[in-house]
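Using the sequences provided together with the hints, build the complete structure.
Top to bottom, those sequences are chains A and B. full-length UniProt numbering applies: residue 1 is where the first sequence begins, and numbers increase by one. full-length UniProt numbering applies: residue 1 is where the second sequence begins, and numbers increase by one.
If you are wondering where the hints come from, they were derived from the structure by calculation, not from laboratory data. Any given hint could turn out to be false.
[Said to hold, decoys possible] Sample of chain B residues lacking proximity to chain A, with all beta carbon distances greater than 10 Å (derived):
#1 Val112
#2 Arg119
#3 Gly164
[Stated by the list, open to error] Residues on chain A that point at chain B, a partial pick, calculated with CB under 10 Å:
#4 Thr10
#5 Met61
#6 Pro64
#7 Leu128
#8 Gln129
#9 Arg197
#10 Ala243
#11 Asp244
Please read all numbers here as calculations on a predicted model, not as lab measurements. Quick reminder that beta carbons are idealized off the backbone N, C-alpha and C, glycines included.
Residues per chain, in single letters:
There are 2 protein chains.
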Amino acid sequence: MTDSEYGQRTETLERPALEAACDAIADGIEREALVTVFGRCTVDYEGRASSVLEAGDRHVMLKPDGAALVHTDEGQQPVNWQPPGCVHDVFCNHDGDDADGDGAETLVIESVRSTPDERLRVRFQDVLQVSAFSGTDETELALSGTEEDLRQRILEEPTLLETGFRPLATERETAAGAVDIYGEDAAGRTVVVELKRRRVGPDAVGQLRRYVDALERDLHADADVRGILVAPSVTDRADRLLADHGLEFIALEPTSE
Amino acid sequence: MTDSEYGQRTETLERPALEAACDAIADGIEREALVTVFGRCTVDYEGRASSVLEAGDRHVMLKPDGAALVHTDEGQQPVNWQPPGCVHDVFCNHDGDDADGDGAETLVIESVRSTPDERLRVRFQDVLQVSAFSGTDETELALSGTEEDLRQRILEEPTLLETGFRPLATERETAAGAVDIYGEDAAGRTVVVELKRRRVGPDAVGQLRRYVDALERDLHADADVRGILVAPSVTDRADRLLADHGLEFIALEPTSE
DNA sequence: CCATATATGTCGTCG
DNA sequence: CGACGACGTATATGG
Chain A
1 MTDSEYGQRT ETLERPALEA ACDAIADGIE REALVTVFGR CTVDYEGRAS
51 SVLEAGDRHV MLKPDGAALV HTDEGQQPVN WQPPGCVHDV FCNHDGDDAD
101 GDGAETLVIE SVRSTPDERL RVRFQDVLQV SAFSGTDETE LALSGTEEDL
151 RQRILEEPTL LETGFRPLAT ERETAAGAVD IYGEDAAGRT VVVELKRRRV
201 GPDAVGQLRR YVDALERDLH ADADVRGILV APSVTDRADR LLADHGLEFI
251 ALEPTSE
Chain B
1 MTDSEYGQRT ETLERPALEA ACDAIADGIE REALVTVFGR CTVDYEGRAS
51 SVLEAGDRHV MLKPDGAALV HTDEGQQPVN WQPPGCVHDV FCNHDGDDAD
101 GDGAETLVIE SVRSTPDERL RVRFQDVLQV SAFSGTDETE LALSGTEEDL
151 RQRILEEPTL LETGFRPLAT ERETAAGAVD IYGEDAAGRT VVVELKRRRV
201 GPDAVGQLRR YVDALERDLH ADADVRGILV APSVTDRADR LLADHGLEFI
251 ALEPTSE
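In structure tokens form, the structure reads like this:
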């Protein structure tokens, strides 16, 4: 069987009875497959916040790591979800069994976790498709253009910041948190560098400001610490904040282009 | 036909030839269905950053609004994606057509957008399932426990902040941005309130600080502006920052429960 | 487990 | 379209 050769398997039911759908979902969860269900459902969530969603046609995905996703036909983000680490449960409510129900039969999927206590409940009136996918995925995403790339770029060529800049540490701890790059300029003054992979706003300035303040205290009274924000660009408001607090900006992208 | 009655329809192919899969996907996109594809594929992305992902079994979702999602069997987040507004394209590369390929036939899905220019490309060697779902979803998510709920709570009962507090405006503009709640205390002093629906860290303090600074300048030299952070709780570091800058904290949750 | 910061964050809103 | 801030943000990392 070709499926077995590849370690791939898909089990699909179209327009199943709720009982059959229930069994297929339970089996998929049991087998640690990626399970999808499409059909008419209501959704409610209770946890860090709480939400309800009235009946509509949606796509539900249950992952073997405990994640759950409810997608409508719009948006990149799921309308409801549950993070990895949840326990998925599925069962059928027969006529009258469902305390909240109107007597109609429903298929219920629940995903629950603790810390924080959260529960997602999807009630299907009608299931159009159930699928269970088994496969293999050994590979990891290789991503470039990150803040880490920007850091490497500067460490390999510190002169990109300014001539004479010498990086002394990354992730150096201060009372306000870890500084991206800690170093000295040509004149021996302490330099704090905050990196951002994209255009920065006021938040990044606040962050740099906290680190500089903390280091000026740590290093003693008259310490003169320079703070440099490194990012592709800066908004007007952030630029004004930098000026107000005597901080500097250097335009640099994560990758050379 | 029941499908037509409900306006629901699903078209599913299992283990289709790539050509057949290609036609089904193109048809689903054309019909503005929610299309899913499961199979062995590689993925590459180029845009704000860039990434490559070697061959593995993954679940791809194409939404009629232009969103694309590539899910592995782990994590709540897609391993690759494209936001709404993209144009989806699908085609088959016959032997030798693919400049990058090894001569094997592949099915390629591309989702492209501009501003910023971004392209997601999924190349399937093997498709285990293609589905196209049509349905209706009129309803909107009703969510509670948000920052907006916290604001309402305070506006309806300002004494929750302190006796004599009088809210004068929400989203009041300052040089540093809009303040959540702007008001006066019993003594007539200006009060700036920053709301957070959950436990706050240093960032929220920085935000409040910027608003207070801006108002003290706006309102004149000797203006004495109080800044109050309202949230369920604060971290130690944030608490210290509040103290350092003469800001206050009041513990309050978005909902009374 | 909590605290902190990053992210191709996404998403809404407003200028 | 850019800026700004909220989000049930998720996710990684360190204490």
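So, going through the hints one by one against the coordinates:
no.	hint	in the structure
1	Val112	holds, 15 Å
2	Arg119	holds, 14 Å
3	Gly164	holds, 31 Å
4	Thr10	holds, 5 Å
5	Met61	holds, 7 Å
6	Pro64	holds, 6 Å
7	Leu128	holds, 5 Å
8	Gln129	holds, 5 Å
9	Arg197	holds, 8 Å
10	Ala243	violated, 13 Å
11	Asp244	holds, 8 Å
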